[in-house]
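With the hints as extra help, turn the sequences into a complete structure.
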Amino acid sequence: MNKPLQEPTVLILTALVDEPLHGYGLLAEVERVSAGRVRLRVGTLYAALDRLTSEGLVEVESEEVVSGRLRRTYRITSAGAGALAVEVDRMAALARTAGARLRGRGTAGTPTLAPGGAR
Amino acid sequence: MTAERRYRLLLRAYPRSYRSQRAEEMLDVLLATEDRRGTWSGVSEAVALVRHGIALRLHRPAAGLSIPASTALAGVALLLMLAVLGAQQLTASGLRGLGLDGYPEAWGTHDLWADPRWPVQALWMVTGLALLLGRHRTAVAAAWAAAALHSWHLVVVSATTVDLPWPGNVGDSHWVATGGAAQAGWVLLTVAGAAMLGGPASAARARSTLPARRWWRVPAAGLVGLALTSVAAASAYSLLGIGQVRLVEGVRGPVLPLVLAAAALTTVLLRAAHGRSALVTLGLLGTVPIAARWSDPLGVIGGGVALVVAGYALGSRARRPEPSTPGAP
Numbered sequence: 120m121n122k123p124l125q126e127p128t129v130l131i132l133t134a135l136v137d138e139p140l141h142g143y144g145l146l147a148e149v150e151r152v153s154a155g156r157v158r159l160r161v162g163t164l165y166a167a168l169d170r171l172t173s174e175g176l177v178e179v180e181s182e183e184v185v186s187g188r189l190r191r192t193y194r195i196t197s198a199g200a201g202a203l204a205v206e207v208d209r210m211a212a213l214a215r216t217a218g219a220r221l222r223g224r225g226t227a228g229t230p231t232l233a234p235g236g237a238r
Numbered sequence: 019m020t021a022e023r024r025y026r027l028l029l030r031a032y033p034r035s036y037r038s039q040r041a042e043e044m045l046d047v048l049l050a051t052e053d054r055r056g057t058w059s060g061v062s063e064a065v066a067l068v069r070h071g072i073a074l075r076l077h078r079p080a081a082g083l084s085i086p087a088s089t090a091l092a093g094v095a096l097l098l099m100l101a102v103l104g105a106q107q108l109t110a111s112g113l114r115g116l117g118l119d120g121y122p123e124a125w126g127t128h129d130l131w132a133d134p135r136w137p138v139q140a141l142w143m144v145t146g147l148a149l150l151l152g153r154h155r156t157a158v159a160a161a162w163a164a165a166a167l168h169s170w171h172l173v174v175v176s177a178t179t180v181d182l183p184w185p186g187n188v189g190d191s192h193w194v195a196t197g198g199a200a201q202a203g204w205v206l207l208t209v210a211g212a213a214m215l216g217g218p219a220s221a222a223r224a225r226s227t228l229p230a231r232r233w234w235r236v237p238a239a240g241l242v243g244l245a246l247t248s249v250a251a252a253s254a255y256s257l258l259g260i261g262q263v264r265l266v267e268g269v270r271g272p273v274l275p276l277v278l279a280a281a282a283l284t285t286v287l288l289r290a291a292h293g294r295s296a297l298v299t300l301g302l303l304g305t306v307p308i309a310a311r312w313s314d315p316l317g318v319i320g321g322g323v324a325l326v327v328a329g330y331a332l333g334s335r336a337r338r339p340e341p342s343t344p345g346a347p
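Those sequence lines, one after another, are chains A and B.
Start counting the first sequence at 120; every next residue gets the next number (my numbering).
Start counting the second sequence at 19; every next residue gets the next number (my numbering).
Certain hints may be false.
Capping the alpha-carbon separation at 25 Å, the derived lysine to any residue pairs in SDA-like fashion look like this [unchecked claim]: (1) A:Lys122 <-> B:Leu74; (2) A:Lys122 <-> B:Ala219; (3) A:Lys122 <-> B:Arg153; (4) A:Lys122 <-> B:Ala66; (5) A:Lys122 <-> B:Arg155; (6) A:Lys122 <-> B:Ser226; (7) A:Lys122 <-> A:Met210; (8) A:Lys122 <-> B:Arg69; (9) A:Lys122 <-> A:Arg158; (10) A:Lys122 <-> B:Leu151; (11) A:Lys122 <-> B:Pro218.
Treat the hints as calculated values from the structure; they're not laboratory data.
Keep in mind it's a predicted model, so treat the numbers as computed, not measured.
This is how it looks when you write it as structure tokens:
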């Protein structure tokens, strides 16, 4: 059984699903995807990118020099999309189980995943 | 202290080899992030950078050689070509053993079918197959095993006063491969392939830069060449007779499979990042077996080592980003 992905990893992979992004774009997209809850540090981002690249979940799509500095664009691989899909299924199953138990306890209705949704 | 100087200072926590590849990219992101957020991220960012840098220093061998991307890519390409060569040589041996090579039966060549270098040829093929399947640890292990075995084979065939053991000898009668410049040239390419591939991580990085689904064309082209060569050689013996042995032996050789595989490889590399630098390195290394036919072994080895060093230098140069200029990212 695959080890569950950590939240920053899930967020990075999710951010790359729609389009390849460079480092700064990834930080902004992770923040947007998490509705502002997660602001990755640059050191954390690159530690995660190194690991994801070595595991073949993410790869460098292109390199260009912008304002004298190298800028790499990263994209999710098919293996990365597969790993994300497995994690999403796992999270959905967990959410269903938790929701069912909470409903049985009578303390919760339909849980909302909307950002800022107060219950 | 300016933001750029502050971040450059923090990035010194990273190993030099990592900084040479990533520092400018990370600096770009750090400055852009600070610009967007309006303030520097403070202690937490500094801690994240230093922690990652120290982790890399602790987990990377300090004296480890950093393989330039184009050099590792040239190593992958070279080992694929050697796999095609190995397939050609093993097939030729197999056909000979089965009596399907077109030689007259009276020659009894099937009694002498086993090329003593078959363990090296098999390891070349294992390396190529492992690279294609993404088994990078296996590929690196097989490449180094081939390099060690091929080097030992050169010692065995060069030894004139002692009889050294060699695992490739089959049966009572076997080919006696001779030492010399030609053998040394191929040994050099085997060792160079393993050295340029680096470890499993650099092999994986190099392979990931190749366009997926396209590089299977390389062994496919080699196999087509192999099939054509095998059929053509046997047919040529039937048509031309034994008077044209040299011509037919030329047809049977590895030239056609290697040329077709090289053509496929070139089209793949032209689409890959660092592919052009890898092609230059590969082209330089390709001169080794040619030069070997007119040179002494030491000259070939010396020249080959110089070419590998040149390959590393070329790869490093291609990888280095342009000098940074002050200004907004």
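Here's how the hints hold up against the structure:
no., hint, result
1, A:Lys122 <-> B:Leu74, "holds, 23 Å"
2, A:Lys122 <-> B:Ala219, "holds, 21 Å"
3, A:Lys122 <-> B:Arg153, "holds, 21 Å"
4, A:Lys122 <-> B:Ala66, "holds, 24 Å"
5, A:Lys122 <-> B:Arg155, "holds, 21 Å"
6, A:Lys122 <-> B:Ser226, "holds, 23 Å"
7, A:Lys122 <-> A:Met210, "holds, 13 Å"
8, A:Lys122 <-> B:Arg69, "holds, 23 Å"
9, A:Lys122 <-> A:Arg158, "holds, 24 Å"
10, A:Lys122 <-> B:Leu151, "holds, 23 Å"
11, A:Lys122 <-> B:Pro218, "holds, 22 Å"
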